[in-house]
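Visitor: Residue numbers (the working numbering), protein chains in the order written: chain A, 82 to 444; chain B, 82 to 444; chain C, 82 to 444; chain D, 82 to 444.
Source of the hints: derived by calculation from the structure; they are not laboratory data.
Worth double-checking, as some hints may not be accurate.
Where chains are identical, the list cannot tell them apart; a pair therefore holds if satisfied intra-copy or between any two copies.
[Said to hold, decoys possible] Lysine to any residue pairs mimicking SDA-like chemistry, simulated, CA-CA at most 25 Å apart:
#, residue 1, residue 2
1, K398, N345
2, K180, A109
3, K170, S317
4, K322, G402
5, K122, Y293
6, K351, S230
No experiment lies behind these values; they were computed from the predicted model shown.
There are 4 protein chains.
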Amino acid sequence: MIKVSIIGASGYSGVCLLHALSSRPDVAISAITSQTYSGKKLSSIFPQFTKTYHINNPISELEFRVFDPDVISESSVVFFCLPHNESSKLIPDVLKRNKKIKIIDVGADFRFDNLEVYEEFYGKHNARSLNSKFIYGLSDIFYDKIKNSQFISNPGCYPTGALLPILPLVFKGVADFNVPIIINSLSGISGAGRGLKLQNLFCEVENSVKAYNVWSHRHLPEIKEKIENAFLNSSSKSDNKPYILFTPHVIPVTRGILTTIYMNLNKGVKEENIKEIYNEFYGDSKFVSIINNIEDCNIKNVIYSNNCHIAFEPDKKQNKGMIKIVSAIDNLGKGASLQAIQNMNLMLGLEPDYMVPEYSPFP
Amino acid sequence: MIKVSIIGASGYSGVCLLHALSSRPDVAISAITSQTYSGKKLSSIFPQFTKTYHINNPISELEFRVFDPDVISESSVVFFCLPHNESSKLIPDVLKRNKKIKIIDVGADFRFDNLEVYEEFYGKHNARSLNSKFIYGLSDIFYDKIKNSQFISNPGCYPTGALLPILPLVFKGVADFNVPIIINSLSGISGAGRGLKLQNLFCEVENSVKAYNVWSHRHLPEIKEKIENAFLNSSSKSDNKPYILFTPHVIPVTRGILTTIYMNLNKGVKEENIKEIYNEFYGDSKFVSIINNIEDCNIKNVIYSNNCHIAFEPDKKQNKGMIKIVSAIDNLGKGASLQAIQNMNLMLGLEPDYMVPEYSPFP
Amino acid sequence: MIKVSIIGASGYSGVCLLHALSSRPDVAISAITSQTYSGKKLSSIFPQFTKTYHINNPISELEFRVFDPDVISESSVVFFCLPHNESSKLIPDVLKRNKKIKIIDVGADFRFDNLEVYEEFYGKHNARSLNSKFIYGLSDIFYDKIKNSQFISNPGCYPTGALLPILPLVFKGVADFNVPIIINSLSGISGAGRGLKLQNLFCEVENSVKAYNVWSHRHLPEIKEKIENAFLNSSSKSDNKPYILFTPHVIPVTRGILTTIYMNLNKGVKEENIKEIYNEFYGDSKFVSIINNIEDCNIKNVIYSNNCHIAFEPDKKQNKGMIKIVSAIDNLGKGASLQAIQNMNLMLGLEPDYMVPEYSPFP
Amino acid sequence: MIKVSIIGASGYSGVCLLHALSSRPDVAISAITSQTYSGKKLSSIFPQFTKTYHINNPISELEFRVFDPDVISESSVVFFCLPHNESSKLIPDVLKRNKKIKIIDVGADFRFDNLEVYEEFYGKHNARSLNSKFIYGLSDIFYDKIKNSQFISNPGCYPTGALLPILPLVFKGVADFNVPIIINSLSGISGAGRGLKLQNLFCEVENSVKAYNVWSHRHLPEIKEKIENAFLNSSSKSDNKPYILFTPHVIPVTRGILTTIYMNLNKGVKEENIKEIYNEFYGDSKFVSIINNIEDCNIKNVIYSNNCHIAFEPDKKQNKGMIKIVSAIDNLGKGASLQAIQNMNLMLGLEPDYMVPEYSPFP
């Protein structure tokens, strides 16, 4: 039996984790924490859990509690779903009590190799010495490193949608870095979390769309570091380092991210080469699919799932090497909680898709 | 291995059935039919099925075919998801070839005891002699009759949302029929199906709400017959037969039905009595829950699930016996495909909730 | 030139008033107040006003200020758009400085004849002696009293949608009060205002619907008092006083209220009689229309306007006298700011529709 | 009195024109045509027009008719709101009867200088000899040419949103054409018109987003031609011709286009220079505004209006000359019907903003 705790279980990604884990016969939820709701029954706050019975312990009877390292350290796996700079305060206390506990941080604290960059965007880091132990959990790329590991930093939602289509092309050295890579992302509102902000009210969001933090979003340095790392590990002989532009937008949907990418390919790289590269990387993946028709690569088709759909089309007419790539994910599924479960599976030596909910309801 | 066929698999309820069945290791999908898409691969029409692998046969490789009774009769269970008056044309041909085949009709053809009423609303019936073999599959009420049965008519979506809260009160004789029972229902657009109608276009539906067929909706006689039957089988001594008003509305959500019911209780019936009655009927149900707070009884909390949430509040101030009851279901889940699976489970002697997806994503 | 002030100009109804008044050449906006935004330029908070030029003073250059009775009392007309129990604190100070100033209270403070009922639902009243001076501004019914008056209490949004269809039938004595009148209302989210509440977040509201305050909503006693008054002034000989049930729901649209009403008519009252009654009351109204087809009576068709659409259909089959009536309004237009302008016109001796924006965009 | 006809008055842009013109005392609607609805009263098809009275002729009494050049040629101004290749069939017949009639083609037939390009994307042109008489009606840029002209081709919706921010920078020679100009546009569903297509059903659109026609959309050559023309008329000394990438997406809103533009500026061009250029072009425009905060430049703030909001932000950190520009318009307002009225005003020698509805409702 895998004893699991969820720290910060009343936010959107915490609740999604609970949902997804609730049907597993091999998992027992041992603790869920929430500062706001401690002492309250899960189903009194989230009535959709009424009569949800976990095979091992009744989900609907679970109670939120405050974080207590003594309790949490009795779990085998702990998921942290907290605002940044919080998990790095708590994890050391848990590790002191249980050195072998497996940790998946859904937040940003351990996503960066370069802590200078982290601190520029997120402020002072609370556990610098732990940082290098964490592996970046982009599971469909880095599964070998994730397997049987103890510490995973779960990728950001925008980075997941951007890196899955881009990294293979960078690793394989087919990207031309003389032209900027442009990442134009459209995210559902749940990406902003459950906090009370004027800009997240229904009447402000509905029937509107906007760009925000167009040069300064925190996910830009995360995307950049991972692309630069791939570039350094690639066969590319480009002199230019990648120049990456990232523009997040919010659109009036609850879940999902559509990412439209503009990049240039090296001379001579053909459509078939791209197909082959994606096939090499994702042919065996249960979750990443190449979709032929770019219109079919939409949010509706991946929502509530751990899937990432990718479609691409090069500029055949003007023959200048530009390619457009579109990817679709669910920001709370693939972009957070379900990728976290995929990571848990790998960490435990299970198949990556073991009991990951395969649910993309239609319509 | 349960061999299952779905007739009319490209409509909303057919696709939902496919989704829900795709994760069952004990089910093999043997045929899916569609007139529009016959010859096409499922995943070419519904790309969300790309890389969806069924443990027994790969869902994503399934192909739509035209209906062929020879092929279909090889299944153990057949779901019919067709417009009315269609299944009743096809079922006799299947039965000729396989007398023991289990049939679940998601459509309306066999929902009525009284064929006169059926024909008034739906036109000439195509298989009158078969009609009496069918059991009305409101599973959380009629599970005893459904168990091990061969023929099930799956209830309409509005009737499911209305009958689950009303029938227990009628059976127990606490409803006062001197005052009309008013059923005010709000349905998501998917209830209208996937047909091309001006009134279902995004721009016509979004930010609007309307009532329709306010005296003549086809689900009214279905609701009426089941309430009248319950009345006749009840301990009620009322002289008045039930007078039922039903008003359907469409609201700009994709899935879900919220039903607000106004009825009068007999003198002396108290809030606790209602609680007890519901507890007697649904205490053991995995799917029907009584929700304390009427605001928590909303569509968000039951969407994509087979759950029905019910909340009620009597008029404590004016003390005239009126009670308001609200129920929430997913019209495609509890109101169609997932209740159909619950019925299949019962027909096969399985637990009603055996592998019924328990998924109510949030947000 | 009509000098107008708006108190509480940064809420939804305040902004709508500003919009609607900004195109009038006969109006000069002299002051807009907001506690939250005092000192800020209107267009810095509401960028849609950038480059909106009023013929008399440039709207986009307006600045929010704190309420100051000396300044406000220089206006000819003041609109109060405040939470309840606020306007009644401020109005006496304004009146001390300007006895002839015309006041339209968009809030609830002066809507009740019976202050006992007011205080039961809203708490202690702050200006009881002023209360009787106010006329209830349901303009399409009470225009005669409103004409040239000084004090108007603008009706609530739900009451407007309910009373416009019901009052004529009560005044004319055709309503049967032995059966309860049921008012089932569906409101857009803007009805809840611009406050920061979890339940108004996009992700909580979208794709959901719920009922709330089903026996205790503050608009129930308002509806009740006006129907009872009409009953007392009617030719009805019923012994029963009206028994009214009102159930508000929120639906995922920004603006609009659809009200579905169930009532019983006295024996012998025919469809034509209802038509005649409505024609007598609304034949000359520019804003209230009888719509033949109940499906056409929807929110989309009245949104952003001061129109009220009404459709009705009696139960022709069972012949028991029940009638269903549906009305559609924009909660911020007819249900608040545009009706307030209609009232201003009447108070100033203008035509009721003088420069009331007649804008119901489609789609 | 300006006698106006609208050809194709039952589509979204036709209806919007009707709405906007209905409040003008100087306009009389003399004919509205519709093949689908000929013979029907406007208000029977669009009930929102019930009781909409035009000062000169009652809008709600208008009747759709079939196109008849004898009738239409009696107007002073004719708007054509037809699918492409239709207006060019009809206009010659009208001109034969009335040589001075003013024509505004809201469709694509006369938008191109280069008919080869037109025919590549739209098929054979029906009135080549007329083409050169038409002026491209991007009114806030080409007002001098439009003034007192007889023939206007109203720009496409995407081109309007893209060209208003881009053209000034091209005319002024500050754009660097060594880097591609990337135009990433997000459009509301009404852009697809009122036709019955599966992809426009509420259940398919809601909670989804997709890119489409990513290299082949018909608005690309329109955007391209106008930028190239500006380039040729500019002070730019670039050797490279502009290379333009345009990617349209549909988002689940009814109206509105948000366009995110990525381009490179020539060395030494500073943020202030951009501000000055925009101020030179749009300082006097009533409709185009520069918004400081990019988040404030959203669809909600321009919807239902003839406004275009533009915000921009250069890459200050990496200092490579890239700039991001965002523009927001209403696709049916500024992108179609309201710009058409602005053009009509200019053609008639009126102020461009004369009675153009200034309505951007909030929320």
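Visitor: Could you run down the list of hints and mark each one as holding or not?
Guide: Each hint, compared with the structure:
no., hint, in the structure
1, K398 <-> N345, "both (14 Å within a copy, 23 Å between copies)"
2, K180 <-> A109, "within (20 Å within a copy, 45 Å between copies)"
3, K170 <-> S317, "neither (39 Å within a copy, 56 Å between copies)"
4, K322 <-> G402, "both (18 Å within a copy, 16 Å between copies)"
5, K122 <-> Y293, "between (37 Å within a copy, 22 Å between copies)"
6, K351 <-> S230, "neither (37 Å within a copy, 49 Å between copies)"
Consistency with the previously given hints fails for numbers 3, 6, ordered from lowest to highest.
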